[in-house]
Amino acid sequence: DGGITQSPKYLFRKEGQNVTLSCEQNLNHDAMYWYRQDPGQGLRLIYYSQIVNDFQKGDIAEGYSVSREKKESFPLTVTSAQKNPTAFYLCASSPQGGETQYFGPGTRLLVL
Amino acid sequence: SQQGEEDPQALSIQEGENATMNCSYKTSINNLQWYRQNSGRGLVHLILIRSNEREKHSGRLRVTLDTSKKSSSLLITASRAADTASYFCAPSSYDKVIFGPGTSLSVIP
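Those protein sequences? They're chains D and H, same order as listed.
To convert, note that position 43 of the first sequence is 43 in this note's numbering; the numbers rise steadily by one, no gaps.
One rule links them: number in this note's numbering = place in the second sequence (from 1) + 1000.
If we strip away everything but chain D, and leave its shape as in the complex, we get (with noise of 0.2 Å):
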């Protein structure tokens, strides 16, 4: 089947603490996207990448990376230096930058 998958579902952080949390997709899409929504809001762009080994910061890029080495997967990393981490996770994928993008379940992030 063909789509895009994140882990964990949820995800518990302790204080200082980096976390990693993984988006793959197998639709070979150029284009994908790191999301953060927080309860009753939109989404806000934290990163993107249009193409492999390339990325761009978004709207709330600090407190976290990103990586892109293979084109299948673009990885977000939550730092210790994100003081406020809670907050629902959606990574994306489209074709090509700025069309129809295709969301996996998302990633719970909780702190401890």
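Treat the hints with care, since some could be wrong.
As the list claims (entries may be wrong) - Not the full set, but computed from the structure, chain D residues with beta-carbon under 7 Å of chain H: (1) Tyr48; (2) Thr77; (3) Gly97; (4) Gly98; (5) Gly106.
Because the hints were derived from the structure by calculation, they are not lab data.
Since the model is a prediction, treat every value here as computed from it, not as a measurement.
Think of the CB as a built atom: it goes at the ideal place given N, C-alpha and C, for glycine as much as any other residue.
Add chain H to chain D, keeping to what the hints say.
Just chain H now, kept in the frame of chain D:
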């Protein structure tokens, strides 16, 4: 900002009625997209309308785009309880899509 702003923020209607949501944006766009999100889930793409199109239909959905007014509308006809969700407009440039805060639609059986 390219971000879309949906109006109203919340909408409650009876099953069978039509639901209309509006979106305004500020910059030029390549296309405008509408998405739906059920609670706690990822977003699902509904429809994409390009900047040179004025109206598009998909099943019970009708989308209009007025680039001179920088606005779009999403009409859901004959609503069902299953249409209860949040709806987002997403104006798009060549490299990214920016989501608005959304309209929360409740369809009462």
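For this session: Any hints from earlier that this structure breaks? Give me their numbers in increasing order, please.
Result: The structure breaks only hint 2.
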